[in-house]
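Visitor: Sequence lines, in order, name chains A and B. Just so you know, we're using the working numbering here: the first sequence kicks off at 1 and counts up by one. Just so you know, we're using the working numbering here: the second sequence kicks off at 1 and counts up by one.
Read the hints as simulated data drawn from the structure, not as lab findings. Just so you know, not all the hints are guaranteed correct.
You can't tell identical chains apart in this list, so a pair holds if it fits in one copy or across any two.
[To be verified] Okay, derived cross-link-like pairs now, DSS-like style, lysine-lysine, Cα gap no bigger than 30 Å in a straight line: (1) K4 / K143; (2) K330 / K12; (3) K268 / K315; (4) K212 / K143; (5) K121 / K12; (6) K121 / K59.
Since the structure is predicted, the reported quantities are computational estimates derived from the model, not experimental observations.
There are 2 protein chains.
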Amino acid sequence: MNKKLTIRDVAKHAGVSHATVSYVVNGVKKVSEETKLKVLSSIKELNYSPDFTAISLSKRKSNIVGVMVPLIENSPASMFKKNQYYHDFLSGVEMVARENNFDTMITGVGNPEECREWVIKRNLDGLIILGIFPERLYREMKKLDIPIVLIDTYEEYTNQYNNVKIDDELGGYLATKHLVELGHKNIGFVGTNLTLSPVDIKRFEGFKKVLKESGISFNERLVFESYDITFEHGVQVGEHILNSGEEVTAFVTVSDILAIGMIKAFQKNNKHIPDDYSIVGFDDLSICEYISPSLTTINQDIFNKGKVATDLILKSINNGGSSTQMVENKTVELPVKLIIRESTKSI
Amino acid sequence: MNKKLTIRDVAKHAGVSHATVSYVVNGVKKVSEETKLKVLSSIKELNYSPDFTAISLSKRKSNIVGVMVPLIENSPASMFKKNQYYHDFLSGVEMVARENNFDTMITGVGNPEECREWVIKRNLDGLIILGIFPERLYREMKKLDIPIVLIDTYEEYTNQYNNVKIDDELGGYLATKHLVELGHKNIGFVGTNLTLSPVDIKRFEGFKKVLKESGISFNERLVFESYDITFEHGVQVGEHILNSGEEVTAFVTVSDILAIGMIKAFQKNNKHIPDDYSIVGFDDLSICEYISPSLTTINQDIFNKGKVATDLILKSINNGGSSTQMVENKTVELPVKLIIRESTKSI
DNA sequence: CTGAAAGCGCTTACAG
DNA sequence: CTGAAAGCGCTTACAG
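Given only the sequences and the hints, what does the whole structure look like? Please build it.
Guide: See below:
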């Protein structure tokens, strides 16, 4: 291993103390223009780049933002694989982070202790939490005193944090409204878990609101749950619906992946979309355009969600912020909009 | 900020020196069972977890593996968004890394200097390089003296590194063979860049090999290039093909995304898949099953590719390995296989 | 078996 | 304007 080039080498080369080198690297004002130039040229000549590990240790700042996802199976890998949503979000995070000279680290977390350990051991400067964790975790995190932003949470105990979300109720509303305007009356709602997932519940409320406004009576039997957001679960729900024999002409779903799985199941059973069923997804993942028929859906800019979340984090960090002294714990609500494609038609 | 809990706090609590605490944390044998237990219980009681930053600095080891992708636009985000391939690969990396108590960092890199800086400043223990970089970068990296594994490279200057790849020629061969066996004779080949991409070239060779074996004459005009692996480029190629008026009944493509874009273009123009055209993709991304018709393709286990690459890296790291002293620079070739779905049929 | 001391590469009051 | 010194939290020869 060729010896690592350190600040002292630069100092020697420039004929100054290593402290002085540190000053110019950090833009501390007290160095004369002349020595500054000397140091700068030495840095260039030696091709020196400072060691973040050492900087982290002495500045107590890592320039790393962490993204935490709940660990269902034994790796976040599995959920990433299954749902493009996470990728888009992460891409946004990564982009903003790197623009600001931060790096991004991702981890799946099974329990609050693990999370705490991770933050401590990596000296994370900020944390983005994706998905729902037990209240205990949030309390645990509070003690860590770093900026935290939560994504898509509605739980009461979460509102002491920054939050980035969308108007889920409006999303459900727009999707349903579209279907009603197309003349549909027997509209099914497909969620993952209507008792545990606040996001789903909100969208469901939007759904029911439209029914009420339109004088369509709500039919409990047209509500379906899939328990997970995967293509396979979508297929299962689709088949279940077919077998149920319920009279239904359209579906509002809580996720594109689910909708796509349902379409697959329908097509397998010789149903035609949108002739036999109209269906609207949620999220507007890029695959919505790939499939045939392309999927009508509620667009949320997930990539942007990641960017906004990271902006918030970075801002808090720069405010010297811990989660408690954070300027204000604001909730940013990003827009949703209906994207009409080929999977819906008038009846 | 509540004072950070350090090794000294534990030492004080246990009534030993902080060195002793370090010994038990690191499993150094020289501590008596008795003190060890004492220390362990103090650690537990105080809820202590060591600071990786400090460990990194003194051990000169970060427990981070880096994944580098070429930066086309201004963020790797863009390529991640466009191509599921990267996600699947990364998922594999992340999984193996975390199983071994490593974290993963990703960066997009525009030039060799940036990369060098990144590795140095984060003290990366190992590096996975995805995609093709100029030779200069590899030479630059060589100096860094950390284990490196390259993915899917054929360039001559790359064979002094570990390499994980697939048999691209066989992939092209299998895809083409399948089509020929279905009775197709006018088969198009769609690559990104047949002069610059070694991967494409190999697959193309497999393609031509089948033609030769089958006594089908090679028609230069049935070779198309898309210049980028995106859905949009696939659509463009599809339209271009339609406009070209070439007589062709089937296509071998170099990527699922491209194939899916082409299908979209064909369907838009009232062509039917697989009745009018048979088409086979490459990679077997999960979307292959989502679309209709589902896509016949060449499967490579990308997730596993990420795992294998990370295994190699970790092994080298544990061998105290730098890139030069690495046990051996081996190339691992992962299997490919044909997956027949609905986008191909006999003529 | 245990601990004092030096060191990893940097930052930052403090004194001059 | 410049530098000596202490410190960030850990590891690891070395001596006892």
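Visitor: Could you tell me which of the numbered hints above are not met by this structure, giving the numbers in increasing order?
Guide: 2, 3 and 4
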